[in-house]
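**Q** All chains should be built: construct the whole structure from the sequences, respecting the hints.
Protein chains in written order, with the numbering used here: chain P, 6 to 197; chain X, 6 to 197; chain Y, 6 to 197; chain S, 6 to 197.
Derived PhoX-like pairs (lysine-lysine); straight-line CA-CA distance at most 25 Å:
#, chain 1, residue 1, chain 2, residue 2
1, P, K70, X, K36
2, X, K193, P, K193
3, P, K12, Y, K48
4, S, K70, Y, K39
5, Y, K193, S, K193
6, S, K188, Y, K139
7, P, K64, S, K64
8, P, K54, S, K54
9, Y, K64, S, K39
10, Y, K39, S, K54
11, Y, K54, P, K12
12, Y, K36, S, K70
Distance windows between CB atoms, simulated:
#, chain 1, residue 1, chain 2, residue 2, range
13, P, K36, Y, S62, 40 to 46 Å
14, S, A80, X, Y60, 46 to 52 Å
15, S, N14, Y, D184, 53 to 59 Å
16, X, E65, S, L83, 55 to 61 Å
17, Y, T35, S, T93, 40 to 46 Å
18, P, E105, X, P197, 38 to 44 Å
19, S, P182, Y, S19, 40 to 46 Å
20, Y, R107, S, A80, 32 to 38 Å
21, P, E73, Y, N79, 53 to 59 Å
22, Y, K48, X, K36, 36 to 42 Å
23, X, P197, P, T35, 43 to 49 Å
On the chain P side, residues computed to face chain X include the following (Cβ under 8 Å):
#, residue
24, G37
25, E122
26, A133
27, L167
28, T189
It should be emphasised that the hints constitute simulated quantities derived from the structure, not laboratory data.
Being a predicted model, the structure only gives us computed values, none of them experimental.
We put the beta carbon where it would ideally sit given N, CA and C, even for glycine.
4 protein chains.
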Amino acid sequence: MSPRTKKQNEVLRSVAREKIMAAALELFGTKGYKATSIHDIAKRAGVSKGLVYHYFSGKEDLVIKMVEGLMQKNAHVLDLVSDKNPKTMLGNIFTLFFRELRENFHNYYLLYNMSHEINGVDFVHAIAVQKMNKQLELFIQLLGDIGWEDPVGDARLLLATLDGIGRQYLVFQQDYPMDEIEKTLFNKYCKP
Amino acid sequence: MSPRTKKQNEVLRSVAREKIMAAALELFGTKGYKATSIHDIAKRAGVSKGLVYHYFSGKEDLVIKMVEGLMQKNAHVLDLVSDKNPKTMLGNIFTLFFRELRENFHNYYLLYNMSHEINGVDFVHAIAVQKMNKQLELFIQLLGDIGWEDPVGDARLLLATLDGIGRQYLVFQQDYPMDEIEKTLFNKYCKP
Amino acid sequence: MSPRTKKQNEVLRSVAREKIMAAALELFGTKGYKATSIHDIAKRAGVSKGLVYHYFSGKEDLVIKMVEGLMQKNAHVLDLVSDKNPKTMLGNIFTLFFRELRENFHNYYLLYNMSHEINGVDFVHAIAVQKMNKQLELFIQLLGDIGWEDPVGDARLLLATLDGIGRQYLVFQQDYPMDEIEKTLFNKYCKP
Amino acid sequence: MSPRTKKQNEVLRSVAREKIMAAALELFGTKGYKATSIHDIAKRAGVSKGLVYHYFSGKEDLVIKMVEGLMQKNAHVLDLVSDKNPKTMLGNIFTLFFRELRENFHNYYLLYNMSHEINGVDFVHAIAVQKMNKQLELFIQLLGDIGWEDPVGDARLLLATLDGIGRQYLVFQQDYPMDEIEKTLFNKYCKP
DNA sequence: GATGAATGAGGGTTCATTCAT
DNA sequence: AATGAATGAACCCTCATTCAT
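**A** Below, the structure written as structure tokens:
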């Protein structure tokens, strides 16, 4: 009955949605939420402004959906880094963290750095808080297992350190000596 | 009592100019650059929109001048924390850092977190880089004097840690256990 | 049983077309022309937007066709109210008028009140004028037969009165004492 | 102190406001609320779009302010038509009504006919109802004084008649024989 | 130095309409 | 006959900026 097959439509839909969300991720991540216009996003995605509103109910909805998408991609990250040895596991976490930072720092920006800019989108903020707390718990346990003196305090510092590394990388970019930072971090936390 | 340069005198000459810059600092720091309008600033400063353009050539100029002003205020900070004992000096820096964060986190936000939002204002970015490098050098020397193994790497990590603490405080605000973080930091770096 | 013209047959041929027109009538009549979107109409009719454009060349065409449909339905109304006794016939007209108003005031709205909203659709206006003139002639004859002094002037007033009743009912709706108005009207024009 | 005198500014303000409101009245009254854009209004008023928002907080506010303005102009109408003799007074009311209709039928449209189009602006509807009720009371008393049999019912009919005359004039405009209608009305209600 | 009236570019959003299938 | 993805013009509104005084 249908002029285009349902499957055809589904493909069209998901392709367009994906293009829009990728463009949004890149632009929001680069210029920030307020400074990125729907026009920008549509142009970068190679679609019309109208189509953005066909798939998302508005700018705010677009950020939310995008963040949700990011979260889903990251949902099974723990499985990748899991290891019996806490030092190895911490090392895996670091490795993953630096890779993410290097390869997709827009994601990093979005999930961690943009929340303050999206007024009223408490959702994004809530996600950031939740994620942070999960990581904190994990760090407390790992540092405790490794035998650090004050696992809670040290875990908090470690979390802040990683956060700060991310932030500084965003600011300094190619000028930031990330390889060396990474090594230092491994020496400090993961040397057997 | 410090001798004032011509520029400083100029800056202080007009009460209205100061009021505008104070309002700008507060609003930019709270809502961000894009989300703050000249109208907002003028209203908060209790002056007309026109006067803002009398003192500043535009919104961008206003941010720049404001950041310059902040820098000048912070120019002599080192005199306040200086101490023969490197651990004491580091402790002084921490104390000052946490006080600034608690009392004027708008400033913190502006100098560190807003640069990405001001498109094309490389100036702000440059200032952030410059300041960061100065701090890094200081930390390297202090940690070296204290006797840390890898002063350069450790200084970088410390800088990132402080940065991360600031960022997390901005995000979590009252939920962030800053007092405990502060104690942990002192224990780690300043215990005699 | 009335013989159907070709046009009527065409109109009735497609169920979807009828559903669209019914939805359009209801929505245009409730929310107005401008405030009703094709999307609304398609959704209410349970069809796709595309189909609306399959049957009608555009929004304007849809209104026109819809009004034409209403006119056709009303074309044989006179047969229903006809009576040898002018007072009885006038009473029949009143009864029909009030019933229509109560049951289908969307139609009333469409035929009488929406014409100004459809810019450039002189067609709708023309229909309203034509219908009004027909009614006027009928009233002149009836009031003349009954024996009113100035049938032309009185017919005009009566027409205006009915029109005003309709408009006031549209505005006040449940607050409008239509039953009493109806009685008063009968007392004035139809008492034997 | 002020560059332009306060008085100068006041004049500027009220002139611009007046121009905008006059344009709005004309366009809303002609094309309806939805079909009239702020762009249209600004152009007709000879000002920029921005200025409309300088004086009114939005389209809805503009209608409301405009209706309020109309109400104020009409506030002292009763003083103009008052008379000891009820038939004379009724005649005065008619005269005024027809003059208003002929000279400012936009006002008429706005106050009576547009209320259904402004969704959510209950204010306009409330004004229409209130005004109508006041007129009804006045008519009841006058017709009672004159000696009509059923003053309440007759007053309601009279109100509807006037309303219908207005509506028909809006629809037919130059084709509507208003002079004759006026005469008929006088003959019916005001002949000594 | 100071005001605020005035402008216009651009942002978010809606919606009539087209078109491939 | 029928769908719904896609477009773009136009809408309401905000805001940096100019300018007369």
